[in-house]
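Going by the working numbering, the first residue of the sequence shown is number 527, and it counts up by one from there.
A couple of the hints might just be wrong.
Simulated DEER-style distance windows between Cβ atoms [what the hints assert, rightly or not]:
1. Asp993 with Asn1104: 55 to 61 angstroms
2. Gln810 with Tyr1140: 37 to 43 angstroms
3. Ile885 with Ala1137: 29 to 35 angstroms
4. Thr978 with Gln658: 50 to 56 angstroms
5. Asn542 with Asn1104: 35 to 41 angstroms
6. Ile1151 with Gly780: 56 to 62 angstroms
7. Ala1137 with Gln675: 39 to 45 angstroms
8. Ala554 with Asp975: 30 to 36 angstroms
9. Asp642 with Ala554: 19 to 25 angstroms
10. Thr1004 with Arg552: 55 to 61 angstroms
11. Asp993 with Ile1153: 38 to 44 angstroms
12. Asp957 with Gly1069: 15 to 21 angstroms
13. Ala676 with Asn655: 21 to 27 angstroms
14. Asn655 with Gln1141: 34 to 40 angstroms
These are computed hints drawn from the structure, not numbers from a lab. From the three backbone atoms N, C-alpha and C, an ideal C-beta is built for every residue, glycine too.
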Amino acid sequence: MSRVPPEDWRPRGIPNLEPEAWRALRRAGSTSVVAGPGAGKTEFLAQRAVYLLETGTCPPPFRILAISFKSDAATNLADRVRQRCPPELARRFVSLTFDAFTKGLVDRFLGAVPADWQPTRPYEIAFSNWRQTEQFLAEARLNAAHPWQAEVAGYPAGTFESERVGSYRLPLTRLAPQSALDFTVDRWWQQQLRGGATSAISFVSINRLAELLLRANPHICRALRATYPFVFVDEFQDTTYAQYDFLLSAFSGGATAVTAVGDDKQRIMVWAGARPDAFRRFEQDFEATRIALTFNFRSSPDLVRIQHIVAQALDEETVPTIAQTERAVDGDVAQVWNSPTRAVEAEHLAAWLSEDMRIRGRVPRDYALLVRQKADEFENDLAESFRAAGLHLRNESHALGRTTLQDLLADNLCRLAVGVLRLGATRRAPDSWQLVSSAVAALRGVDPDDETASHKAETSLAVFLADVRAEMGGTVPTAANAGALADRVLDYLDLVAVSRTYLEYGTGDLLSIMAEAFRLHLIASSAGAPSWSECLDAFEGVGRIPLMTVHKSKGLEYDTIVFVGLDDQAWWAHAPGNLEGLATFFVALSRAKQRAIFSFCQQRGDRRKVAELYQLLTDAGVPEIAI
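Using the sequences provided together with the hints, build the complete structure.
This is the structure in C-alpha cells:
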C-alpha cells in the first residue's frame, strides 16, 4: 500500500475532527490530551493510529502500542482501527489492557526477573481483599521492630497494596529492611512469592515485576522502545502508582511518543490506586504538551449545560464543552424523582420506561439503570415490577462463578465462542464470520500471508460450523443441550491454543474462570428460550435493560440513564467536597445522550450526606417531581 502524504490524509469513517484534535493527532512528541465525556477519546486514538500507519509516520516493522484499562475498551479500539485501515497496517496496531501487557512481559521473560523476586513457573493470580490485607498488616505490626510498629499500624488496609506496594521500586537484590515500609513491603512480597509451593501474585505485583524486569535488563527495555515508537494510554486519569512507574521506566527519556488521553473529572478509581497527579506528573516526566478537546459528540446542549455545573464543582477552571448533538426529547432533559417507597418507585419507573419506549420508538438497550453499589439489591427491588410491565432487567454486575456478567461479555474467549454459536444459529452473520475466521487462523498458527494454510483453516472451520448448525437445528435450548454445546465449542477452539495465542491467559486461571462463566451463562440463557437465536439474544442482553454500577458504566453511553439510589445509604462514605464522589456523580450524568433521571426513595434513607449533589442539580435548574 502506498503511503498517504500527511497533508493529504483525511479521517476514516467520520466527517472530520475538531481543530485541537487535529493538532494532537499530528504531534510528533508526547502529548497529554484532556478530553471530557463524549469527546470521542476512543475515536481520536483510532484516527491517530490510522494516520500514523497510513502516512508512514510509523513505518514497518514498527508498531503502535495502545494500553487500556478494561478489556472491552482495548477490544473496541482495536476493532475501530481494523475497520478504518487495511489489514496489513492494522496488524501493526497492538491493543491490550495494562495488566495483559505487563503480564505478557513477565511471562515471556520470567527467567530474567532477578532471582530474589522471581515467582514460580507457573504462578497463580492473587486477588487480596480488605480483610486479608488488614490481617496481614496486623501480623506485620506484631513482627516488626518496636520503633516501626506504630507506623505499620497506621497503614490503611484499603490502599496499602495500591499505594505502598504499588509505588515501591524493588531493588535488584533483596536488602535488609531499613524502615517500617521496607519491612512491611518485603514481608508482603515474601508472602506472595514464597507463601506456598506456587507463588500467588497480584496484578499490582505483576506491574512491579515488569518494571523491575526492564531496569534489570536494559536490552529488553531497548527492544521494547525499538518496537513501539508510539504508545497510547487511554483513561489516563485511572493510571495507578505501579502502572505509571512502569510507563516511566519503559518509555520516558527515549524517542517514544506517548499519547495520554483522559479526564481528571472522571477519576473514580482512586480507591483502586489511581494517582491523583497522573497528568501533571506525565507532563513533567515526559515533557508532554497538554491539548484540551472541547467538543461533546454524545450529549444534547441542555445536558452539556447541566454537566458543566457539576464539572465546575470538580474544577473551577474547567472550560465549557461544545455540544455537537441536537436535543431529541420534549420536556425536561433531567429530573429528580422522589418516591415514598421502593414499590412505588419500581412501579413508576417500569411504567415510565415502557411508555417512553412506545412513544419514542426506543428499545430496552437505549436505557440504563445506574447504581452506586450493590446492584443485586436493586435488581431484587425492581425485577417484579419490570416483569409485570413486560420489561426485563439485566444485572451486568451479576456474579458468574468467579467473574461478573459484564466482564465475561468483554472477554476474548466469550466473544469468540458466541461468534461460533451465532454462525451455528444463522448463516447470515458476517461480523461473526470475520471475527471467528481470523481468530481460528491465529489459534491454528496460520500465517496471514499463507493463502493455502488460510484456505485449509477456513475449510475446517466451515465443516465444524456445518456440524454445529445441524446440532442446533435438531435440538431445542435446554440446560443439558446448552452445556453440551458450550463444551463442544470450547473443545473446538482448544483452550491450550487460546492460552498460547492470547496474552491475558498465559498463566494463572483466568481462562478457566471465563470458560466456566461462559458455560454457566449459556445454560442460564437457555431457560425459556424458544430457539437458539433467542437464547443467544438473552446471553448478549438483546431486549433487556442493563443495570450496572457507575464504575462499570465508564466508557458507555445511553439515550437515557436512570440513577437509582441517590441517597445516604448507597453513598454512606460520601462527605461534602469529596472529589471522588463528585466525579462518580459526574460520570453517571455524562453517560446520557438525551435524558438523565435521578431517583430518590424515602424508604431507603435520607439524603443529608448527598445534599451537595442535589444542590448541584437544583443550581442547574433540574426540577424535582413527587411520585
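Cβ separation of Thr978 and Gln658, checked against the hinted range 50 to 56 angstroms: holds, 54 angstroms
Ile1153 and Asp993 - C-beta distance against the hinted 38 to 44 angstroms: violated, 54 angstroms
Outcome of range test on Cβ distance (Ala1137, Gln675; 39 to 45 angstroms): holds, 41 angstroms
Ala554 versus Asp975 beta-carbon gap, inside 30 to 36 angstroms or not: holds, 31 angstroms
Hint check for Tyr1140 and Gln810 - Cβ pair distance inside 37 to 43 angstroms: The hint (37 to 43 angstroms, Cβ to Cβ) holds, given that Gln810 and Tyr1140 are roughly 38 angstroms apart.
Outcome for the supplied range 55 to 61 angstroms, where the beta carbon pair is Thr1004 and Arg552: Holds - the Cβ-Cβ distance for Thr1004 and Arg552, about 57 angstroms, lies within 55 to 61 angstroms.
Cβ distance range 15 to 21 angstroms for Asp957 and Gly1069, holds or violated: holds, 19 angstroms
Consistency of beta-carbon spacing, Gly780 to Ile1151, with hint 56 to 62 angstroms: Taking Cβ atoms as reference, Ile1151 and Gly780 lie about 57 angstroms apart, which means the hint holds.
Supplied distance hint 21 to 27 angstroms, evaluated on CB atoms of Ala676 and Asn655: Holds - the Cβ-Cβ distance for Ala676 and Asn655, about 25 angstroms, lies within 21 to 27 angstroms.
C-beta pair Asp642, Ala554: status relative to the range 19 to 25 angstroms that was hinted: violated, 40 angstroms
Asn655 versus Gln1141 beta-carbon gap, inside 34 to 40 angstroms or not: holds, 35 angstroms
Verdict for Asp993, Asn1104 (Cβ pair) under range 55 to 61 angstroms: Holds, since Asp993 and Asn1104 (Cβ atoms, about 57 angstroms apart) stay within the stated range.
Against the hints set out earlier in the document, violations occur for numbers 9 and 11.
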